Amino acid sequence: MRALRWISFMVVLAGLAWRFPLFHVVPLQQAVAEKKAATFDPTQFAGTFWTNRLLASLDKAVSATVLLPAIQSDPAAAKKQFARSVGMGESYFYFVAGIGRVVSVSDDEILLAVTATGTNADISLPAGPVFGNALRDSTSLLNVSDYPNSQDFNDISAALNHLVETTVLPTLRVQAKVGAQLSFAGCAEVADESSDLKPLHVVPVMTRLLPNL
Amino acid sequence: MKTPLFKLLLAASLAVLASLFLPTASAQTAAKDKIAVVVSTLNNPWFVVLGETAKARAVELGYDATIFDSQNDTAKEAANFENIIAGGYKAILFNPTDANGSIASVLKAKAAGIPVFCIDREINATNAATSQMLSDSYSGCVKLGQYFVKTVGKEGEYAELLGIVGDNNTWNRSKGFHSVVDRYPGLKMVAQQSGEFDRAKGLEVMESILQAHPNIKAVFCGNDAMAMGAYQALVTANKADVVKVFGFDGADDVVKLIAEGKIAATGMQFPKLMARQAAEYADSYVKGKRDFAQKIPVPVELVTQQNVSKYGDYGKK
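Residue numbers (the numbering used here), protein chains in the order written: chain A, 1 to 213; chain B, 1 to 317.
The hints are simulated quantities; they were obtained by calculation from the structure and are not laboratory data. Please note that a few of the clues may not be correct.
Said to hold, decoys possible - Capping the alpha-carbon separation at 27 Å, the derived lysine-lysine pairs in DSSO-like fashion look like this:
{"hint": "1", "chain 1": "B", "residue 1": "Lys110", "chain 2": "B", "residue 2": "Lys262"}
{"hint": "2", "chain 1": "B", "residue 1": "Lys34", "chain 2": "B", "residue 2": "Lys287"}
{"hint": "3", "chain 1": "B", "residue 1": "Lys262", "chain 2": "B", "residue 2": "Lys272"}
{"hint": "4", "chain 1": "B", "residue 1": "Lys262", "chain 2": "A", "residue 2": "Lys79"}
{"hint": "5", "chain 1": "A", "residue 1": "Lys198", "chain 2": "B", "residue 2": "Lys287"}
{"hint": "6", "chain 1": "A", "residue 1": "Lys80", "chain 2": "B", "residue 2": "Lys310"}
{"hint": "7", "chain 1": "B", "residue 1": "Lys150", "chain 2": "B", "residue 2": "Lys310"}
{"hint": "8", "chain 1": "B", "residue 1": "Lys32", "chain 2": "B", "residue 2": "Lys150"}
{"hint": "9", "chain 1": "B", "residue 1": "Lys317", "chain 2": "A", "residue 2": "Lys80"}
{"hint": "10", "chain 1": "B", "residue 1": "Lys76", "chain 2": "B", "residue 2": "Lys108"}
{"hint": "11", "chain 1": "B", "residue 1": "Lys310", "chain 2": "B", "residue 2": "Lys289"}
{"hint": "12", "chain 1": "B", "residue 1": "Lys289", "chain 2": "B", "residue 2": "Lys272"}
{"hint": "13", "chain 1": "B", "residue 1": "Lys150", "chain 2": "A", "residue 2": "Lys198"}
{"hint": "14", "chain 1": "B", "residue 1": "Lys287", "chain 2": "B", "residue 2": "Lys110"}
{"hint": "15", "chain 1": "B", "residue 1": "Lys188", "chain 2": "A", "residue 2": "Lys79"}
{"hint": "16", "chain 1": "A", "residue 1": "Lys79", "chain 2": "A", "residue 2": "Lys198"}
{"hint": "17", "chain 1": "A", "residue 1": "Lys198", "chain 2": "B", "residue 2": "Lys256"}
{"hint": "18", "chain 1": "B", "residue 1": "Lys239", "chain 2": "A", "residue 2": "Lys79"}
{"hint": "19", "chain 1": "B", "residue 1": "Lys317", "chain 2": "B", "residue 2": "Lys272"}
{"hint": "20", "chain 1": "B", "residue 1": "Lys310", "chain 2": "B", "residue 2": "Lys272"}
{"hint": "21", "chain 1": "B", "residue 1": "Lys150", "chain 2": "B", "residue 2": "Lys76"}
{"hint": "22", "chain 1": "B", "residue 1": "Lys76", "chain 2": "A", "residue 2": "Lys80"}
{"hint": "23", "chain 1": "A", "residue 1": "Lys60", "chain 2": "A", "residue 2": "Lys80"}
{"hint": "24", "chain 1": "B", "residue 1": "Lys217", "chain 2": "B", "residue 2": "Lys272"}
{"hint": "25", "chain 1": "B", "residue 1": "Lys310", "chain 2": "B", "residue 2": "Lys287"}
{"hint": "26", "chain 1": "B", "residue 1": "Lys108", "chain 2": "B", "residue 2": "Lys317"}
{"hint": "27", "chain 1": "B", "residue 1": "Lys154", "chain 2": "B", "residue 2": "Lys239"}
What the hints assert, rightly or not - Per the computed footprint, the stretches of chain A lying under chain B, defined by three or more beta-carbons under 8 Å from a beta-carbon of chain B, are:
{"hint": "28", "region": "2-11"}
{"hint": "29", "region": "63-76"}
{"hint": "30", "region": "142-150"}
As the list claims (entries may be wrong) - Not close to chain B: a few residues of chain A, all C-beta gaps over 12 Å, as computed:
{"hint": "31", "residue": "Arg53"}
{"hint": "32", "residue": "Asp59"}
{"hint": "33", "residue": "Gln81"}
{"hint": "34", "residue": "Phe153"}
{"hint": "35", "residue": "Asn154"}
{"hint": "36", "residue": "Ser157"}
{"hint": "37", "residue": "Asn161"}
{"hint": "38", "residue": "His162"}
{"hint": "39", "residue": "Ala191"}
{"hint": "40", "residue": "Arg208"}
The structure displayed is predicted, hence computed values, not measured ones. Using N, Cα and C, we set each Cβ at its ideal position, and we do this for glycine too.
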């Protein structure tokens, strides 16, 4: 009788251990693969985002020939109509595209005039390092609330800036000769409504050399 | 006849007395709803401002508000949450101690039906807090990094004082700063140590850095408390004029030293703005609103000698 009780106890215990195991044995390779899969890779993410989503949304950018006169005429109204704001601050972003003629080239920037006969710089494209969140935040394609750890979200900015520096700027520096016509699309961050937007500083997503007319 | 009249008068008198006293009695029994303000530490003036502002706004909105100090300790923070849950609070305005370590406490509050609104610091979860108002530390430090290169130059040795290693803000600030400064190979970081967001610790760490690396041209500090400690160490070592100090927070004492040309720059966060907004969100929640954005970045503004007159009292004048 005592043996039967003991056996029953062991059977119940074995059943519990099977149903609720105290530990799982996972092959080392599988554990490493799972850990790698769980780690966010900003470079890979930025590459996919750049190709599949950012370049595919260039048609959503506002035309520079519409935006720039609107800013000069009424910055607050232009902001209301064309800008995107993020969070609670005063800064905002424009996603803009257009055609411009190169009027000046330096180590730091390439200046474009957007009007056909204009000589004043309307747009400034960077020639050197790119900083900030213009590429990440100018479109509505990425939302910080989707990222549990904001470090991942910030790493996306750095990876996107790196993509501009390595894929767009080298070609732009070759294209940018004074007098050349360039088609461009890009993102601009504005600190607040009192900012001087002449020229508008745009981080380019795309530039293309056009034949001079 | 006399007795019924007396009874009638007595009843009328009682009714008048009751009408006079009952509203007061009901007001006493219907106690105000309570809101808890849980702050990572009260050992730093910036967080005192954050906590006091959140409390004051909650009181303005008609709540009883109490501040709980977590003393930078997740165990203490968890105990605070237990007390808050048991105490029947309607909402928690929360400045977390640890991005990962604080998640469990927030989930407990959520399970108890108490909304949590994070202020300034985030938790690494999007399914726990009702909303998170977060200083955009990374972008703020990108601006600081650009100003650092502009004022210190593209060559030279510098040091960095990190905040609490487990806090996301520590790394968001450090990464934002390095995303710029690391692009200039002539700028060499010769020391990087944690000052734990603490003034005394910042002073101590800076003293040892100065002994090991006497030629540094600048120090980047992850918050203003450490910047004050570093500045104090530089004054003691007679190096305040040759080593540029960069802070982050926008604390009043640092803003004053920027105006005097003694500290180079800081990043102005807006603790009062965030704290008030969190209290207003909590009030909206209590009144029935449920659709809150999970994360709301609050931009950080660069404060230098050129624009310092625009800033003060933990915000823009």
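Inset, instruction - Identify every previously stated hint that the structure contradicts and give their numbers, smallest first. - result: 1, 4, 5, 8, 11, 15, 17, 18, 21, 22, 24, 25, 26, 28, 29, 34, 35, 36, 37, 38 and 39
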